[in-house]
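Listed below are the residues making up each chain.
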Amino acid sequence: SQQGEEDPQALSIQEGENATMNCSYKTSINNLQWYRQNSGRGLVHLILIRSNEREKHSGRLRVTLDTSKKSSSLLITASRAADTASYFCATVETSGSRLTFGEGTQLTVNP
Amino acid sequence: EPEVTQTPSHQVTQMGQEVILRCVPISNHLYFYWYRQILGQKVEFLVSFYNNEISEKSEIFDDQFSVERPDGSNFTLKIRSTKLEDSAMYFCARGKGLGVRDTQYFGPGTRLTVL
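Residue numbers (this note's numbering), protein chains in the order written: chain W, 1 to 111; chain P, 1001 to 1115.
Any given hint could be a false lead.
Keeping only pairs whose Cα atoms sit at most 25 Å apart, straight-line, the calculated DSS-like set for lysine-lysine is [as the list claims (entries may be wrong)]:
| # | chain 1 | residue 1 | chain 2 | residue 2 |
| --- | --- | --- | --- | --- |
| 1 | P | 1042 | W | 26 |
| 2 | P | 1057 | P | 1078 |
| 3 | P | 1042 | W | 69 |
| 4 | W | 70 | P | 1042 |
| 5 | P | 1057 | P | 1042 |
| 6 | W | 70 | W | 26 |
| 7 | W | 56 | W | 69 |
| 8 | P | 1083 | W | 26 |
| 9 | P | 1083 | P | 1042 |
| 10 | W | 69 | W | 26 |
| 11 | P | 1042 | P | 1078 |
| 12 | W | 70 | W | 56 |
In short, the hints are calculated from the structure, not lab data.
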């Protein structure tokens, strides 16, 4: 398996529900970042969490990081139809600065 | 945060031709990156560029690829002899500030189609 694997691959929920996406990785990291991508469009940065942090919030987003399990989760609360997109986690290792992306989770929020 | 802009938004070329993709970053940012995303696949790192030098590159970034910042403004990715498998979205990204391993902000991408 590869660095930055998300699950589930696809998630379909109703507006107002919460959406949780998970990401696992294999190496030691400096930070982990979450991005959103609407179909055929660019990547929008959502949040960055550093290896010495366990939880961060930004608006309706909550990100957790468990370095002992090498995993992270992204929670979107009170989802909206406009949240429909692909969500990617990407890690930055302790050396270098490249982002290593996962396969992504396709989130569909039904109105 | 302001993003970078990329030109062109879509480039169609014949196999074997050279293409140059351009990225116009906001000034005072030192770290720049190129990534690509083949349709339906994940985003892959190509190269990072710091202080007018390549600082890191992936195995994808072979001799067919080159990057430069010729005039201190535009940041270009050149593919010398395109192949069919080079068809992808190419994203330029910039680092948030002066630190390495910081947030990266992506441009809207250039869709390259090789026929």
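TODO: Run the structure past the numbered hints and jot down the numbers of the failing ones, going up.
DONE: The structure breaks only hint 8.
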